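Position 79 (the sequence shown) corresponds to 79 in my numbering; numbering is contiguous.
Just so you know, the hints here were simulated from the structure itself, not pulled from any lab data. Computed from a predicted model, the values in this text were never measured in an experiment. For each residue, glycine too, the CB sits at the ideal point set by N, CA and C. Just so you know, not all the hints are guaranteed correct.
Quick list of the computed label-pair ranges, beta carbon to beta carbon [as the list claims (entries may be wrong)]:
{"#": "1", "residue 1": "110", "residue 2": "159", "range": "35 to 43 Å"}
{"#": "2", "residue 1": "235", "residue 2": "45", "range": "46 to 54 Å"}
{"#": "3", "residue 1": "83", "residue 2": "152", "range": "45 to 53 Å"}
{"#": "4", "residue 1": "81", "residue 2": "132", "range": "25 to 33 Å"}
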Amino acid sequence: MKLDFFRNIRYTVPVSAYQGGIFMRIAVCEDDLTCMTKLKCLFEQNTGYHADYFTTGREFLQEIEEDAYYDIILLDIRLPDTLGTKMASRLKKKLPGADIVFISSFPEYVTEAFTLQVSQFLLKPLNEQLLMVELERIVRRRKKENSVWCVSSHDAVYRLMTQDIIYVESYYRHLCIQMTGQRLEISGKIADARKALNPNIFYLCHQGFLVNMNYIRKIEQKELVCAPDFRVPISYRRRSAFLKAYSEFLGN
Numbered sequence: 001m002k003l004d005f006f007r008n009i010r011y012t013v014p015v016s017a018y019q020g021g022i023f024m025r026i027a028v029c030e031d032d033l034t035c036m037t038k039l040k041c042l043f044e045q046n047t048g049y050h051a052d053y054f055t056t057g058r059e060f061l062q063e064i065e066e067d068a069y070y071d072i073i074l075l076d077i078r079l080p081d082t083l084g085t086k087m088a089s090r091l092k093k094k095l096p097g098a099d100i101v102f103i104s105s106f107p108e109y110v111t112e113a114f115t116l117q118v119s120q121f122l123l124k125p126l127n128e129q130l131l132m133v134e135l136e137r138i139v140r141r142r143k144k145e146n147s148v149w150c151v152s153s154h155d156a157v158y159r160l161m162t163q164d165i166i167y168v169e170s171y172y173r174h175l176c177i178q179m180t181g182q183r184l185e186i187s188g189k190i191a192d193a194r195k196a197l198n199p200n201i202f203y204l205c206h207q208g209f210l211v212n213m214n215y216i217r218k219i220e221q222k223e224l225v226c227a228p229d230f231r232v233p234i235s236y237r238r239r240s241a242f243l244k245a246y247s248e249f250l251g252n
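Just need the whole structure built from these sequences, with the hints factored in.
What follows is the structure in structure tokens.
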């Protein structure tokens with residue numbers, strides 16, 4: 001079987017770590033056919049994740065540039081066209097809320113890997129049990145951090161995962177909820193969103209904007225640049241308090 005079999009192929013594969021109808025999105029960036037096959041077989045035996053597979057850094061980054069979003073990234077250290085450590089630095093800016101797990105045959109990269117604040121470093125040959133333990137740990141932590149926000153629009157009720165919300169905009173008694181995969185408009189006020197969303201994660205950076213600090217990748221003078229490519233205004237009078245809150249958020 002040639003490695004090309006895996007190129008540009010995307011699988012919907014679940015993993016049992018996450019229950020209750022909530023799915024985590026995984027990206028596997030790995031050029032080792034043996035490891036890739038093992039991961040695919042492992043995931044197919046369980047339920048709960050959507051996983052996409054990539055064999056080069058360029059291929060994966062191109063997907064990210066096209067606004068793909070992932071909760072967990074399984075990343076090989078040595079890829080045909082780049083080092084996983086270099087990719088991780090870029091991914092931290094593009095997908096600040098994602099958990100990165102390095103998979104490698106080279107233990108000498110461990111120290112450098114953890115300076116990038118990755119979730120874990122697993123050595124090859126891959127221990128499937130250790131991987132599952134790590135995935136379950138990530139899921140448990142995310143369950144504690146995130147919640148569901150139920151909103152109604154046009155006689156329909158939506159269950160929104162708060163980790164998917166990038167920002168909420170208020171205008172004329174309406175709320176525009178920008179998420180990673182869609183944009184939803186409902187009736188309501190910004191005060192409604194503030195009551196529903198975790199104040200330690202969502203900050204009122206402007207009178208009409210509530211931003212998820214997990215997605216912030218750059219702070220400019222008058223705007224926040226949020227992944228993948230959104231701009232949220234920040235008011236002058238709120239800037240100082242926001243910078244303090246954001247610093248505390250990063251510290252936590």
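With 46 to 54 Å as the target window, see if residue 235 and residue 45 comply at their CB atoms. With a Cβ separation near 51 Å, residue 235 and residue 45 satisfy 46 to 54 Å, so the hint holds.
A range of 25 to 33 Å was offered for this pair. Does it hold for the Cβ distance of residue 81 and residue 132? The hint (25 to 33 Å, Cβ to Cβ) holds, given that residue 81 and residue 132 are roughly 29 Å apart.
Is 35 to 43 Å a correct range for the gap between the Cβ atoms of residue 110 and residue 159? 40 Å, holds
Range first: 45 to 53 Å. Now tell me if the beta carbons of residue 83 and residue 152 are that far apart. For residue 83 and residue 152 the Cβ distance comes to about 48 Å; the hint holds.
This entry satisfies every hint, going by the numbered hints stated previously.
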